[in-house]
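Number of protein chains: 2
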Amino acid sequence: VTDTARWRVDGRAATELPADDRGLAYGDGLFETMRVVAGRAPLWTWHMERLEEGCRRLGLPQPSPGMLLDEVAAATDGLDDAVLRITWTAGSGPRGYPRQATVPGRLIVVAAALHHANTFMATHGVALFECATRWSLQPKLAGIKHLNRLEQVLARAEWDDPSFSDGLMLDIDDRVISTTSASIGLVVDGVPMFPALHRCGVAGVGRRLAMASLPDAVETDIDRATLASASEVFLTSAVRGMLPVRAIGDRHYAAGPVVRALQAAWTTAGMPSLRPAEQP
Amino acid sequence: VTDTARWRVDGRAATELPADDRGLAYGDGLFETMRVVAGRAPLWTWHMERLEEGCRRLGLPQPSPGMLLDEVAAATDGLDDAVLRITWTAGSGPRGYPRQATVPGRLIVVAAALHHANTFMATHGVALFECATRWSLQPKLAGIKHLNRLEQVLARAEWDDPSFSDGLMLDIDDRVISTTSASIGLVVDGVPMFPALHRCGVAGVGRRLAMASLPDAVETDIDRATLASASEVFLTSAVRGMLPVRAIGDRHYAAGPVVRALQAAWTTAGMPSLRPAEQP
Numbered sequence: 001v002t003d004t005a006r007w008r009v010d011g012r013a014a015t016e017l018p019a020d021d022r023g024l025a026y027g028d029g030l031f032e033t034m035r036v037v038a039g040r041a042p043l044w045t046w047h048m049e050r051l052e053e054g055c056r057r058l059g060l061p062q063p064s065p066g067m068l069l070d071e072v073a074a075a076t077d078g079l080d081d082a083v084l085r086i087t088w089t090a091g092s093g094p095r096g097y098p099r100q101a102t103v104p105g106r107l108i109v110v111a112a113a114l115h116h117a118n119t120f121m122a123t124h125g126v127a128l129f130e131c132a133t134r135w136s137l138q139p140k141l142a143g144i145k146h147l148n149r150l151e152q153v154l155a156r157a158e159w160d161d162p163s164f165s166d167g168l169m170l171d172i173d174d175r176v177i178s179t180t181s182a183s184i185g186l187v188v189d190g191v192p193m194f195p196a197l198h199r200c201g202v203a204g205v206g207r208r209l210a211m212a213s214l215p216d217a218v219e220t221d222i223d224r225a226t227l228a229s230a231s232e233v234f235l236t237s238a239v240r241g242m243l244p245v246r247a248i249g250d251r252h253y254a255a256g257p258v259v260r261a262l263q264a265a266w267t268t269a270g271m272p273s274l275r276p277a278e279q280p
Numbered sequence: 001v002t003d004t005a006r007w008r009v010d011g012r013a014a015t016e017l018p019a020d021d022r023g024l025a026y027g028d029g030l031f032e033t034m035r036v037v038a039g040r041a042p043l044w045t046w047h048m049e050r051l052e053e054g055c056r057r058l059g060l061p062q063p064s065p066g067m068l069l070d071e072v073a074a075a076t077d078g079l080d081d082a083v084l085r086i087t088w089t090a091g092s093g094p095r096g097y098p099r100q101a102t103v104p105g106r107l108i109v110v111a112a113a114l115h116h117a118n119t120f121m122a123t124h125g126v127a128l129f130e131c132a133t134r135w136s137l138q139p140k141l142a143g144i145k146h147l148n149r150l151e152q153v154l155a156r157a158e159w160d161d162p163s164f165s166d167g168l169m170l171d172i173d174d175r176v177i178s179t180t181s182a183s184i185g186l187v188v189d190g191v192p193m194f195p196a197l198h199r200c201g202v203a204g205v206g207r208r209l210a211m212a213s214l215p216d217a218v219e220t221d222i223d224r225a226t227l228a229s230a231s232e233v234f235l236t237s238a239v240r241g242m243l244p245v246r247a248i249g250d251r252h253y254a255a256g257p258v259v260r261a262l263q264a265a266w267t268t269a270g271m272p273s274l275r276p277a278e279q280p
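Protein chains in written order, with my numbering: chain B, 1 to 280; chain X, 1 to 280.
Don't take every hint at face value.
A few chain X positions that, by computed beta-carbon distances, are all more than 10 Å from chain B [stated by the list, open to error]:
1) R40
2) G59
3) T102
4) Q138
5) E151
6) H198
7) M211
8) A264
Below, a list of computed lysine to aspartate or glutamate pairs in the EDC-like style, where the Cα atoms sit at most 16 Å apart [as the list claims (entries may be wrong)]:
9) B:K145 <-> B:D223
10) X:K140 <-> X:E53
11) B:K140 <-> X:E52
12) B:K145 <-> B:D10
13) B:K140 <-> X:E16
14) B:K140 <-> B:D81
15) X:K140 <-> X:D81
16) X:K140 <-> B:E53
17) B:K145 <-> B:D221
Residues on chain B that point at chain X, a partial pick, calculated with CB under 8 Å [what the hints assert, rightly or not]:
18) L24
19) W44
20) M48
21) Q100
22) T123
23) H124
It should be emphasised that the hints constitute simulated quantities derived from the structure, not laboratory data.
Idealized CB from N, CA, C, for every residue including glycine.
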């Protein structure tokens with residue numbers, strides 16, 4: 001549940017941006033979406049590292065860290081708990097694929113208050129739709145959070161039954177990669193496993209927290225049979241936290257010790273509690 | 001060479017658009033770029049067919065044909081020869097991949113005058129850089145002109161030597177697909193050939209004119225060896241017309257009868273002449 005969003009464009013409160021932005025024209029840009037709790041983004045450093053890596057990979061200028069901090073503070077001022085999106089584009093440019101060397105990037109920031117932690121999903125888990133839309137393989141874009149997100153939009157448009165909280169996405173070679181809007185992890189024979197993301201997918205910041213919290217975690221290719229054999233399946237999101245998966249198709253999973261440990265790590269990192277029992 | 005661009009957003013002269021547009025957020029939309037000659041777009045019907053097909057494939061509402069015609073007329077009024085871009089997005093929406101069922105699309109139109117036909121390139125041909133960036137394979141997005149164009153942006157950013165007019169792009173399985181901003185065709189043993197585009201690429205409107213003008217043209221997978229064996233290689237573009245390719249790496253090609261026939265077909269279709277000799 002969100003209040004009216006607070007928008008800022010290039011350092012000013014504004015709800016519009018120039019129509020010649022290359023983010024609109026070609027998806028030429030990056031974004032980060034994060035939780036901001038009482039003016040602080042607990043996973044800020046990792047969001048900034050992913051954004052910087054994206055700028056390097058796409059050949060975009062780096063945004064000024066001071067400007068980013070100022071804009072986040074202005075957008076979230078007075079909010080106890082907020083979702084913040086930072087969009088950083090290649091800026092205005094003439095028609096055509098060539099970037100102009102001298103044009104600065106454009107910063108768009110939006111924040112909205114969050115009022116309800118979804119404790120039901122964190123406690124009881126979520127059911128996943130099985131999406132037909134696949135991740136294509138593009139190593140040059142894999143891992144970074146760029147603005148070309150039509151595969152996830154099309155995957156998300158495949159269902160409207162609200163009993164599915166998200167949808168499982170494979171790549172075109174049938175590897176398990178993610179859901180439409182979160183990272184996925186599983187536990188097989190006691191070992192936490194995360195999909196390798198060098199061909200496609202987004203290297204989630206919630207996932208990074210999860211992997212940092214699980215010293216024996218491995219990153220590897222995961223096929224459907226491995227997913228079916230898992231003792232636990234869970235989602236990680238820098239906004240929604242750590243959620244057990246309770247069903248994928250007719251396969252059911254129980255929440256287990258790994259996702260409960262990740263939920264505790266989420267709170268320890270400075271995020272709001274995901275479960276009523278954990279609240280002080 | 002262009003004058004100041006004339007922008008229109010949702011039916012009004014405007015140079016800004018709402019920051020919550022899904023075209024910016026996720027590349028959730030489509031575009032068409034075309035030539036408008038004395039108020040008439042000679043290839044209008046085919047541009048509209050591709051745009052409609054894109055709306056069907058992405059699940060977007062269809063723009064109103066009357067509104068499109070009105071906007072194009074307003075943007076190009078008084079221009080003898082113009083490049084026009086129509087962008088049609090999923091419109092404004094809250095954060096997140098799900099589209100809102102009730103939100104209309106957004107129409108952004110921009111036109112700019114063209115002053116010089118590039119007769120030198122049409123006569124003598126263009127040299128192509130060989131891009132390392134590949135097209136990924138995504139049948140759900142292949143052929144349509146959607147807003148997720150980072151692969152072409154990255155390919156175009158690979159060179160800045162102005163002796164290369166465009167760059168050749170292969171797919172990840174080494175098939176010849178296009179250049180960064182035009183379709184490609186070739187002639188092998190007298191047969192005009194165009195790349196099959198059901199896995200990736202953009203089904204160009206200039207290419208459609210070329211294929212319609214060449215009754216014996218075939219659409220097929222094309223490897224590098226076939227490209228190297230061609231007697232003619234040419235580019236097609238709905239904006240720039242039909243251009244011979246004179247070099248790709250150390251392989252040189254001569255302009256031949258097929259590209260000259262296509263240049264005549266371009267003029268016959270109502271486009272400005274590409275070569276001084278053809279001018280009345």
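Taking the hints in turn, this is what the structure says about them:
The claim that X:R40 is not at the interface with chain B holds, since no C-beta of that chain comes within 10 Å of its own (minimum 20 Å). The beta carbon of X:G59 is not kept farther than 10 Å from every beta carbon of chain B, the shortest such distance being approximately 5 Å. For X:T102, the condition that its CB be more than 10 Å from all CB atoms of chain B holds, with the nearest at approximately 13 Å. For X:Q138, the shortest C-beta to C-beta distance to chain B comes to about 4 Å, within the 10 Å cut-off, and the non-interface label is violated.
Remark: the non-interface label on X:E151 conflicts with the geometry, its nearest Cβ contact in chain B lying 7 Å away (cut-off 10 Å). Non-interface status of X:H198 relative to chain B is upheld: no Cβ of that chain comes within 10 Å, the nearest being about 13 Å off. The claim that X:M211 lies off the interface holds: its Cβ sits roughly 24 Å from the closest Cβ of chain B, which is beyond the 10 Å cut-off. Every CB of chain B is more than 10 Å from the CB of X:A264 (nearest about 27 Å), matching its label as outside the interface.
Proposed proximity of B:K145 and B:D223 is contradicted: the alpha carbons are some 24 Å apart, above 16 Å. Proximity of X:K140 to X:E53 is assessed by CA-CA distance (about 12 Å); at most 16 Å being required, the pair is judged to hold. About 30 Å separates the Cα atoms of B:K140 and X:E52, which puts this hinted pair outside 16 Å; it is violated. The hinted pair formed by B:K145 and B:D10 fails the criterion: a straight-line CA distance of about 20 Å is larger than 16 Å.
In summary, the hint linking B:K140 to X:E16 is not supported, as the alpha carbons are separated by about 31 Å, beyond the 16 Å threshold. Proximity of B:K140 to B:D81 is assessed by CA-CA distance (about 35 Å); at most 16 Å being required, the pair is judged violated. Restraint check for X:K140 and X:D81: not satisfied, since their Cα atoms lie roughly 35 Å apart, outside the 16 Å limit. A threshold of 16 Å between alpha carbons decides the hint, and for X:K140 with B:E53 the separation of about 28 Å lies outside it, so the pair is violated.
A distance of roughly 20 Å separates the Cα atoms of B:K145 and B:D221; the hinted pair therefore is violated under the 16 Å criterion. Taking 8 Å as the C-beta cut-off, the interface hint given for B:L24 holds, the closest approach to chain X being about 5 Å. With its C-beta approaching chain X no nearer than about 19 Å, B:W44 sits outside the 8 Å limit, and its interface hint is violated. Annotation: B:M48 was flagged as interfacial toward chain X, and the flag is violated, the nearest CB pair being 20 Å apart, outside 8 Å.
Hint status for B:Q100: violated, given a least beta-carbon distance of 11 Å to chain X, over 8 Å. At a threshold of 8 Å, the smallest CB-CB gap from B:T123 to chain X is about 22 Å, leaving the interface hint violated. At a threshold of 8 Å, the smallest CB-CB gap from B:H124 to chain X is about 22 Å, leaving the interface hint violated.
The structure shown violates the earlier hints numbered 2, 4, 5, 9, 11, 12, 13, 14, 15, 16, 17, 19, 20, 21, 22, 23.
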